[in-house]
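Colleague: Going by our numbering, the letters in the sequence shown line up with residues 1 to 300, in that order.
In short, the hints are calculated from the structure, not lab data.
Virtual Cβ for every residue (Gly too), placed ideally from N, Cα, C.
Fair warning: there could be bad hints in the mix.
Cross-link-like lysine-lysine pairs, in silico, DSSO-like; alpha carbons within 30 Å at most [to be verified]:
{"id": "1", "residue 1": "Lys281", "residue 2": "Lys247"}
{"id": "2", "residue 1": "Lys132", "residue 2": "Lys143"}
{"id": "3", "residue 1": "Lys132", "residue 2": "Lys26"}
{"id": "4", "residue 1": "Lys253", "residue 2": "Lys270"}
{"id": "5", "residue 1": "Lys247", "residue 2": "Lys278"}
{"id": "6", "residue 1": "Lys278", "residue 2": "Lys31"}
{"id": "7", "residue 1": "Lys241", "residue 2": "Lys257"}
{"id": "8", "residue 1": "Lys241", "residue 2": "Lys26"}
{"id": "9", "residue 1": "Lys115", "residue 2": "Lys26"}
{"id": "10", "residue 1": "Lys278", "residue 2": "Lys26"}
{"id": "11", "residue 1": "Lys241", "residue 2": "Lys31"}
{"id": "12", "residue 1": "Lys132", "residue 2": "Lys168"}
Here are the computed distance ranges between Cβ atoms for each label pair [unchecked claim]:
{"id": "13", "residue 1": "Val166", "residue 2": "Asp126", "range": "17 to 23 Å"}
{"id": "14", "residue 1": "Trp276", "residue 2": "Gly165", "range": "45 to 51 Å"}
{"id": "15", "residue 1": "Ala265", "residue 2": "Ser224", "range": "39 to 45 Å"}
{"id": "16", "residue 1": "Lys168", "residue 2": "Gly268", "range": "29 to 35 Å"}
{"id": "17", "residue 1": "Asp97", "residue 2": "Asp145", "range": "20 to 26 Å"}
{"id": "18", "residue 1": "Ala226", "residue 2": "Lys253", "range": "15 to 21 Å"}
{"id": "19", "residue 1": "Lys253", "residue 2": "Phe177", "range": "36 to 42 Å"}
{"id": "20", "residue 1": "Leu164", "residue 2": "Gly268", "range": "22 to 28 Å"}
{"id": "21", "residue 1": "Ser224", "residue 2": "Tyr144", "range": "53 to 59 Å"}
{"id": "22", "residue 1": "Asn254", "residue 2": "Asn169", "range": "45 to 51 Å"}
{"id": "23", "residue 1": "Glu148", "residue 2": "Lys247", "range": "50 to 56 Å"}
{"id": "24", "residue 1": "Gln105", "residue 2": "Ser224", "range": "53 to 59 Å"}
{"id": "25", "residue 1": "Arg237", "residue 2": "Asp97", "range": "33 to 39 Å"}
{"id": "26", "residue 1": "Lys115", "residue 2": "Gly29", "range": "15 to 21 Å"}
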Amino acid sequence: MENNYKSGFITIIGRPNVGKSTFMNKVIGQKIAIMSDKPQTTRNKIQGVLTQDDAQFVFIDTPGIHKPKHRLGDFMVKIAENTLNEVDAILFMINADEGYGRGDQFIIDRLERVKRPVFLVVNKIDLVHPEKLLPLIELYKDKYDFEEIIPISALQGNNVDHLLGVLKNHLPEGPQFYPADQITDHPERFVISELIREKVLHLTREEVPHSIAVVIENIENRESNAVYIQAVIVTERKSQKGILIGKQGSMLKNIGKNARKDIEALLGSKVYLELWVKVQKDWRNKQTQLNEYGFRSDEY
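Based on the provided sequences and hints, a complete structural model is requested.
Modeller: Written out as structure tokens, the structure reads:
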């Protein structure tokens, strides 16, 4: 490997629903972070690896920084904040269509404490008239001394290659941390559980999506290159269980059918998916359950 090979870790932070996961998936070229129009979709930090001939980018998609309402919320915010001091660069992403808000100032106050280059990424420019961009950029320039401000559309891919080029110039020389064909540091079990959770986010409404966790009970390779997966959707109330199962099991079947398509694309093989629903009252405020479902307090 050449001596001038560049590599580094880049965290993506921002308010909920600004398009962090959409950007991650666009850059990596495969779905590894789930997407939804509901806030606080991402719960853990998810690393996506992009390897080029002369550089390796390790992007960290973090939960949207918000005011927490339960222990799970505390976990999500601390995970996001703690990445700020562990990386080589920070992408602060905002939604061009929403503009400046109190949540952005909350993040900027935290950026004042870190000594890393911070890039303002103005996402969703496809949703606004170009004339609205300049005043928005000037507003943020007054709030913080950004290394550079880059407007993009993560969904359409506009200006994403330019952003990667700018980032590469700021990465230090370093080793290739991951094999060239590896796109995430998370095990398949985690990604599968997230793909199932994404379908719940898409198909249910109100409080149900935020009150669920998905636990993979078993993954087994069987004959004919088929993979059998058993998973449990955990929710907080019996009424939510009824919604998740649906009339004559229709909702659960729909969740399973949609999730299976993405899981088959991920694994490259036929998938048989069995889903159950279990009630675990107030699990988001119980550290034992949080640990069991992958939200460990020792991670922050």
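Colleague: Now tell me if each hint is right for this structure.
Modeller: For each hint, the structure was consulted:
1. Lys281 <-> Lys247: This hinted pair holds, its Cα atoms lying about 23 Å apart.
2. Lys132 <-> Lys143: holds (18 Å)
3. Lys132 <-> Lys26: holds (25 Å)
4. Lys253 <-> Lys270: holds (17 Å)
5. Lys247 <-> Lys278: Cα-Cα ~17 Å, so holds.
6. Lys278 <-> Lys31: Distance ~27 Å between Lys278 and Lys31 Cα, so the pair holds.
7. Lys241 <-> Lys257: Measuring from Cα to Cα gives roughly 18 Å; hence the hint holds.
8. Lys241 <-> Lys26: Violated, at roughly 34 Å.
9. Lys115 <-> Lys26: With Cα atoms ~28 Å apart, Lys115 and Lys26 stay inside 30 Å; holds.
10. Lys278 <-> Lys26: violated (34 Å)
11. Lys241 <-> Lys31: Judged against 30 Å, a Cα distance of about 28 Å means the pair holds.
12. Lys132 <-> Lys168: Holds: Lys132 and Lys168 sit about 29 Å apart, inside 30 Å.
13. Val166 <-> Asp126: 17 to 23 Å: holds (20 Å)
14. Trp276 <-> Gly165: 45 to 51 Å: holds (47 Å)
15. Ala265 <-> Ser224: 39 to 45 Å: violated (18 Å)
16. Lys168 <-> Gly268: 29 to 35 Å: Because 30 Å falls inside the window, the suggested range holds.
17. Asp97 <-> Asp145: 20 to 26 Å: Taking Cβ atoms as reference, Asp97 and Asp145 lie about 25 Å apart, which means the hint holds.
18. Ala226 <-> Lys253: 15 to 21 Å: At roughly 19 Å between Cβ atoms, Lys253 and Ala226 fall inside 15 to 21 Å, so the hint holds.
19. Lys253 <-> Phe177: 36 to 42 Å: Cβ of Lys253 to Cβ of Phe177: about 41 Å, so the range 36 to 42 Å holds.
20. Leu164 <-> Gly268: 22 to 28 Å: holds (27 Å)
21. Ser224 <-> Tyr144: 53 to 59 Å: With Cβ atoms ~56 Å apart, the hint holds.
22. Asn254 <-> Asn169: 45 to 51 Å: The hint (45 to 51 Å, Cβ to Cβ) holds, given that Asn254 and Asn169 are roughly 46 Å apart.
23. Glu148 <-> Lys247: 50 to 56 Å: 53 Å Cβ-Cβ, so the 50 to 56 Å window holds.
24. Gln105 <-> Ser224: 53 to 59 Å: holds (56 Å)
25. Arg237 <-> Asp97: 33 to 39 Å: Taking Cβ atoms as reference, Arg237 and Asp97 lie about 34 Å apart, which means the hint holds.
26. Lys115 <-> Gly29: 15 to 21 Å: The hinted range 15 to 21 Å is violated for Lys115 and Gly29, with Cβ atoms some 32 Å apart.
The earlier numbered hints that this structure contradicts are 8, 10, 15 and 26.
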